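Got chain A sorted already, so can you dock chain B onto it with the hints?
Chain by chain, the residues run as shown.
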Amino acid sequence: MNDNPFSLWVYLSQSPLLWLTVTLVTYAATDAVSLKTRRHPLANPVLHSLWIIGLFLLLTNTSYTTYFAGAQFVHFLLGPATVALAVPLYENRTRVAAAVLPMLVALAVGSLTAIVSVVLLARAFGLPREIILSLAPKSVTAGVAMGVSESLHADPSLTAVSVILTGIMGAIIVTPLMNFAGITDFRGRGFAAGIAAHGIGTARAFQVDEVAGVFAGIAMSLNALVTSLLVPLAVTYLLR
Amino acid sequence: MIASLSLILLCQLVGEVAVRALAVPVPGPVVGLVLLLLLLLARDRYPALARGPLGNDGVESASRGMLANLSLLFIPAGVGVVQKLDLLAEHGIAILVILAVSVIVTLLATVATFVAVSSLFSREDETP
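Line order of the protein sequences matches chains A and B.
Residue numbers for the first sequence follow this note's numbering, so the first one is 1 and each next one is one higher.
Residue numbers for the second sequence follow this note's numbering, so the first one is 241 and each next one is one higher.
Bound conformation, chain A alone (with noise of 0.2 Å):
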């Protein structure tokens, strides 16, 4: 053991392994307690995981880049997950046939509502050209989000945040907005919730119902082919 904690701590903040067991205990806690509250909507992991992990790291002045080396064996696996959308769009084909009509409708109005209502409120708010060109994508799971953020020139980091932020949200909302309209029919409220808040969304469908988690992941696997096409498209005729 060093006699000094003090480089002991230099040595482990300097660490990978630090970053990441201080990331997997941090989810492994968020999500029993979401566990423990029945997956109460404002008990989300993803949401009090960020929080917990962000205030650790100003309180220990780590920077962001620190953390991530750590955290990114993590990261990295987001596009292996996106990936392996194959395997539930494939086991539900008969069902996804079945539904195939109200679902390609409903990508292409709730993939043209969130970008476009996104790009008109931030114009509507006087915001800068690069933040808006960076929140545009916000609807599709982080890696292809920040793929599309990164091709327009936009802020990747950015995305990612703005992708973090309305899957919460989305997470949050959805169960009760879609309770309050009345609607009974959980494909098409897996759908919305995939379309809407990717893969948190997603996460939060198959919580609440088989049927909505499956129908959420196909939305959110066409929703990433199509908003990747769309993005580029809207921002050169919303933006010019």
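By construction, these hints were calculated from the structure, which means they are not laboratory data.
Every value quoted in this text rests on a predicted model; they were computed, and no experiment measured them.
Glycine included, C-beta positions come from ideal geometry on N, C-alpha and C.
Treat each hint with caution, since some may be false.
Pulled a few chain A residues facing chain B out of the computed Cβ check, cut under 7 Å [unchecked claim]:
hint, residue
1, Y27
2, A29
3, H75
4, T82
5, V105
6, D185
7, F186
8, S221
Then chain B, alone, in the frame of chain A:
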């Protein structure tokens, strides 16, 4: 397990290479998704493909494991919010309001369209 992960990574790798070679604005993992889907569909057609990761629920269980903890994967990117605190101090309220309104509008527009189109169809089915 390793073979299944390899297949998933391979699909992503081919996707990334294809996207860059053809210079199309689609992210590599999305092309990887389509590739894996085509492989799974091809397996139904040609049973000879049902081996290795494509046999015995291999790639399926690896994918389910990954998707079960999808929320976790967003945390490293999300913590990036600490880098954007100055930007959020300046535009944070506007950004939060914009994202909240947009997500509500999108949820309602999507579900309304889905329900409307599917009820239109079931009504057509009932008419003789």
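Results of checking the hints against the structure:
With its C-beta approaching chain B no nearer than about 5 Å, A/Y27 sits inside the 7 Å limit, and its interface hint holds. About 12 Å separates the beta-carbon of A/A29 from the nearest beta-carbon of chain B, more than 7 Å, and the hint is not met. For A/H75, the suggested interface contact is upheld, since its CB lies about 4 Å from the closest CB of chain B, less than 7 Å. Contact between A/T82 and chain B, as hinted, is supported at the beta carbon level, the nearest pair being about 4 Å apart and thus within 7 Å.
With a cut of 7 Å, the hint placing A/V105 at the interface with chain B holds, because the nearest CB-to-CB distance is about 5 Å. Because the closest C-beta pair between A/D185 and chain B is about 6 Å apart, less than 7 Å, the hint holds. Against a cut-off of 7 Å between C-beta atoms, the interface hint on A/F186 is violated, since the closest Cβ of chain B lies about 10 Å away. Interface hint at A/S221: satisfied, since its Cβ lies 6 Å from the closest Cβ of chain B, which is below the 7 Å cut-off.
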